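Chains A and B are the protein sequences, given in the same order. Taking my numbering, the leading residue of the first sequence gets 2, the next gets one more, and so forth. Taking my numbering, the leading residue of the second sequence gets 652, the next gets one more, and so forth.
Because the hints were derived from the structure by calculation, they are not lab data. Check before you lean on any hint, since a few could be wrong.
As the list claims (entries may be wrong) - Residues of chain B placed beyond 12 Å of chain A at every Cβ, according to the derived structure:
| no. | residue |
| --- | --- |
| 1 | LEU662 |
| 2 | GLU666 |
| 3 | ILE671 |
| 4 | ASN673 |
| 5 | LYS705 |
| 6 | ASP706 |
| 7 | LYS707 |
| 8 | GLY711 |
| 9 | PHE713 |
| 10 | ALA721 |
| 11 | ASP735 |
| 12 | LEU764 |
Stated by the list, open to error - Simulated coverage check for chain A against chain B, where a stretch passes if three residues somewhere in it have a Cβ under 8 Å from a Cβ of chain B:
| no. | segment |
| --- | --- |
| 13 | 42-55 |
| 14 | 105-113 |
These figures come from a predicted structure and were not determined experimentally. Beta carbons are placed, not taken as given, at the ideal position from N, Cα and C, and that holds for glycine.
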Amino acid sequence: DTAVSQTPKYLVTQMGNDKSIKCEQNLGHDTMYWYKQDSKKFLKIMFSYNNKELIINETVPNRFSPKSPDKAHLNLHINSLELGDSAVYFCASSHNGGGKAETQYFGPGTRLLVL
Amino acid sequence: DQQVKQNSPSLSVQEGRISILNCDYTNSMFDYFLWYKKYPAEGPTFLISISSIKDKNEDGRFTVFLNKSAKHLSLHIVPSQPGDSAVYFCAASAANSGTYKYIFGTGTRLKVLA
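Please construct the entire structure, taking both the sequences and the accompanying hints into account.
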């Protein structure tokens, strides 16, 4: 049973399109995250939701919009895709440590290529 | 401004020997550190962590050392095995920041030679 799953695993699309990546966790965690790993291999936090509430919103273009229908799901919608959006996007989740950092569990990643 | 740095992009070690992966950080507010291991086409998986109240944490073949005055941590793997070949990321957080935010290094690719 996959703890943190993402769909799709690969996504190839044209510039200007709108696409969504889905993430689900079955660990019962309260907090979910989206990370972006770019071509230089930097793994950077984009967003975090705790119990469906946005708690981290890094400097990310507003073309990126996370949506959390419930605490087991955190989807990432990207409007007007640009070449620079090509990257690997990782979803992660963790238990709510009451303000303390907890171990984050990662999904397998979604490889997005914008042509 | 990269607050967590892994200055060695790659490391090769003979099977059975010790692997030492290094990580430096600049933010003195960081007080919780983790190491993640990543295989190709998979997400990072948690390996070991250390809180700043300790200077060493051991789990089987893996030991993490923390030198707070030098703002440096290292991961020791002994003995190294071919299955340890992967990319290793260190990550740091201000544990009581309330935002569950980790800053990751750029990773070190470890290759264990049989």
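| query | Checking the smallest CB distance to chain A, is ILE671 of chain B really beyond 12 Å? | reply | holds (20 Å)
| said: Checking a non-interface call: every C-beta of chain A should be farther than 12 Å from the C-beta of LEU764 of chain B. Is that right? | reply: holds (22 Å)
| query | When you look at the beta carbon of ASN673 of chain B, is every beta carbon of chain A farther off than 12 Å? | reply | At about 16 Å from chain A, ASN673 of chain B clears the 12 Å cut-off, so the statement holds.
| said: Verify this label for me: PHE713 of chain B is non-interface relative to chain A, using a Cβ-Cβ cutoff of 12 Å. | reply: Holds: least Cβ distance 14 Å, greater than 12 Å.
| message | Minimum C-beta separation from LEU662 of chain B to chain A exceeding 12 Å: can you confirm that? | response | holds (15 Å)
| field | Given as non-interface: ASP735 of chain B, which should sit over 12 Å from chain A by C-beta | value | holds (19 Å)
| task | Hey, is GLU666 of chain B genuinely clear of chain A, shortest beta carbon separation above 12 Å? | result | holds (26 Å)
| Claimed clearance of chain A by ASP706 of chain B, with the beta carbon kept past 12 Å | At roughly 18 Å from the nearest Cβ of chain A, ASP706 of chain B sits farther out than 12 Å, so the non-interface label holds.
| field | Non-interface claim for GLY711 of chain B versus chain A (Cβ beyond 12 Å) | value | The assertion about GLY711 of chain B holds, with a minimum of 17 Å to chain A.
| query | Taking 8 Å as the C-beta cutoff, is the stated coverage of the segment 105-113 of chain A by chain B satisfied by three or more residues? | reply | Result for this restraint: holds, n = 6.
| Any Cβ of chain A at or closer than 12 Å to ALA721 of chain B, or is the non-interface label fine? | holds (21 Å)
| Residues of the segment 42-55 of chain A with Cβ under 8 Å from chain B, three needed, outcome | It holds: at least three residues are needed, and the segment 42-55 of chain A offers 7 whose Cβ sits within less than 8 Å of chain B.
Checked against the numbered hints above, the structure breaks none of them.
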